[in-house]
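K.L.:
For the sequence shown, full-length UniProt numbering gives the first residue as 1, with consecutive numbering after it.
Accuracy of the hints is not assured; some may be wrong.
What the hints assert, rightly or not - The calculated lysine to any residue pairs, modelled on SDA-like cross-linking and capped at a C-alpha distance of 25 angstroms, are: (1) Lys91 / Pro281; (2) Lys38 / Gly67; (3) Lys91 / Glu137; (4) Lys38 / Glu80; (5) Lys91 / Pro112; (6) Lys91 / Gly67; (7) Lys252 / Leu268; (8) Lys38 / His68; (9) Lys252 / Leu273; (10) Lys91 / Ile125; (11) Lys252 / Thr271; (12) Lys91 / Tyr66; (13) Lys38 / Ala6; (14) Lys91 / Ile108; (15) Lys91 / Val79; (16) Lys38 / Arg71; (17) Lys38 / Met76; (18) Lys91 / Glu80; (19) Lys252 / Gln298; (20) Lys91 / His68; (21) Lys252 / Ala296; (22) Lys252 / Pro281; (23) Lys38 / Leu72; (24) Lys91 / Val286; (25) Lys38 / Glu15; (26) Lys91 / Val154.
Note that these hints are calculated values from the structure, not bench results.
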Amino acid sequence: MDRLEAMRLYTRIVELGSFTAAADDLNLPRATVTHAIKRLETRLGAQLLQRTTRSVRTTRDGETYYGHCRRLLADMDEVEADFREAAIQPKGRLRIDLPASLGWLLVIPALPTFFARYPQIELDIGTGDRFVDMVREGVDCVLRIGHLGDSGMVGRRVGMLQQATVASAGYVRRHGLPESLAALQDGHVAVNWVSPNTRRAEPLEFMVGRRRREVTLPGCVSVSGMDAYRGCCEAGLGIAQMTRQRIAEGFKTGRLREILPAYPPPSLPITVLYPQQRQMPARLRVFIDWLVELTAAQC
Numbered sequence: 001m002d003r004l005e006a007m008r009l010y011t012r013i014v015e016l017g018s019f020t021a022a023a024d025d026l027n028l029p030r031a032t033v034t035h036a037i038k039r040l041e042t043r044l045g046a047q048l049l050q051r052t053t054r055s056v057r058t059t060r061d062g063e064t065y066y067g068h069c070r071r072l073l074a075d076m077d078e079v080e081a082d083f084r085e086a087a088i089q090p091k092g093r094l095r096i097d098l099p100a101s102l103g104w105l106l107v108i109p110a111l112p113t114f115f116a117r118y119p120q121i122e123l124d125i126g127t128g129d130r131f132v133d134m135v136r137e138g139v140d141c142v143l144r145i146g147h148l149g150d151s152g153m154v155g156r157r158v159g160m161l162q163q164a165t166v167a168s169a170g171y172v173r174r175h176g177l178p179e180s181l182a183a184l185q186d187g188h189v190a191v192n193w194v195s196p197n198t199r200r201a202e203p204l205e206f207m208v209g210r211r212r213r214e215v216t217l218p219g220c221v222s223v224s225g226m227d228a229y230r231g232c233c234e235a236g237l238g239i240a241q242m243t244r245q246r247i248a249e250g251f252k253t254g255r256l257r258e259i260l261p262a263y264p265p266p267s268l269p270i271t272v273l274y275p276q277q278r279q280m281p282a283r284l285r286v287f288i289d290w291l292v293e294l295t296a297a298q299c
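Make the full structure from the sequences, and use the hints.
P.N.:
Okay, structure coming up:
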């Protein structure tokens, strides 16, 4: 019998005034109850109960210990009740990190629906494209775009993002629209995307049937932030590849033109990462399920 069970047994003996009644109440053998109280008194180095043939009374030490037990057990019951309630109605604080583009365009606009469903959950949101040390920084989960290396985290794919190859209307007027991948390499330039993690410029990628083709183009500018990447493209500095959600407004206004739509870039996986844990908190589970639902509806 562990200490918590022994404390609960002791309080029932005091409250019922009988070893036998406490044993019946807790469905324990009478001998188990007697042995547990003897071990408890030995561990504490104090006599807790005075036993007679007709009654059981607390000693002065026993009365003091009983008061401590009542408070500790009440606190424990309250904590367990809070967790049981949280499993039914998730609540508490979550620290999450989102890519800036996906956060602003997809997740943040939909948050009112999340809070309407889970009003007792609080979100502490970071946005950016940098590497996040989840354990050291105390982050519960991160949402990432693209293919990921082995991070030691649990990963769940929540959706896919379609991409397009684009250039500004001004760039197209100056350079024309390439009609093939070979023509793309004849005088065209790119806004080169540099991965914030690897610090290497990434080539443009195209799907030719089921095969992936990479094309490296020269360029006068390299960037590692999505806002700068789109801004340079809209300024006419070169060809870029971005998710369709990010460039939808540019298509509507005519600022952007699609390049080689017959050879689209490969779709990008959206993955939520979180530390390995034996029991996932309900607030994290429902947030991830909501992300799956959100991306299924909008991607």
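K.L.:
Given the hinted pair lysine 91 and isoleucine 125, is their Cα-Cα distance within 25 angstroms?
P.N.:
16 angstroms, holds
K.L.:
Take the C-alpha atoms of lysine 91 and proline 281, compute the straight-line distance between them, and say whether it is at most 25 angstroms.
P.N.:
9 angstroms, holds
K.L.:
Hey, lysine 252 versus threonine 271, does the alpha-carbon distance stay inside 25 angstroms?
P.N.:
Distance ~29 angstroms between lysine 252 and threonine 271 Cα, so the pair is violated.
K.L.:
Between the alpha carbons of lysine 38 and glutamate 80, is the straight-line distance 25 angstroms or under?
P.N.:
28 angstroms, violated
K.L.:
For the pair we were handed, lysine 91 and valine 79, check the Cα-Cα distance against 25 angstroms.
P.N.:
It holds: about 13 angstroms lies between the C-alpha atoms, which stays within 25 angstroms.
K.L.:
With the threshold set at 25 angstroms, check whether the alpha-carbon distance from lysine 38 to leucine 72 stays at or below it.
P.N.:
Given that 25 angstroms is the threshold and the Cα spacing comes to 21 angstroms, the pair holds.
K.L.:
Does glycine 67 lie within 25 angstroms of lysine 91 when you go C-alpha to C-alpha?
P.N.:
31 angstroms, violated
K.L.:
Take the C-alpha atoms of lysine 38 and glutamate 15, compute the straight-line distance between them, and say whether it is at most 25 angstroms.
P.N.:
18 angstroms, holds
K.L.:
Do the alpha carbons of lysine 91 and proline 112 lie within 25 angstroms of each other, as the hint requires?
P.N.:
Distance ~16 angstroms between lysine 91 and proline 112 Cα, so the pair holds.
K.L.:
What's the verdict on lysine 91 and tyrosine 66, does the C-alpha distance respect the 25 angstroms limit or exceed it?
P.N.:
Since the Cα atoms of lysine 91 and tyrosine 66 sit roughly 33 angstroms apart, the hinted pair is violated (cutoff 25 angstroms).
K.L.:
Does alanine 296 sit within 25 angstroms of lysine 252, going by the straight-line distance between their CA atoms?
P.N.:
23 angstroms, holds
K.L.:
Below or equal to 25 angstroms on CA atoms is what counts here, so check lysine 252 against proline 281.
P.N.:
Answer violated: lysine 252 to proline 281 is near 42 angstroms, above 25 angstroms.
Taken one by one, the earlier hints fail for this structure at numbers 4, 6, 9, 11, 12, 20, 22, listed in ascending order.
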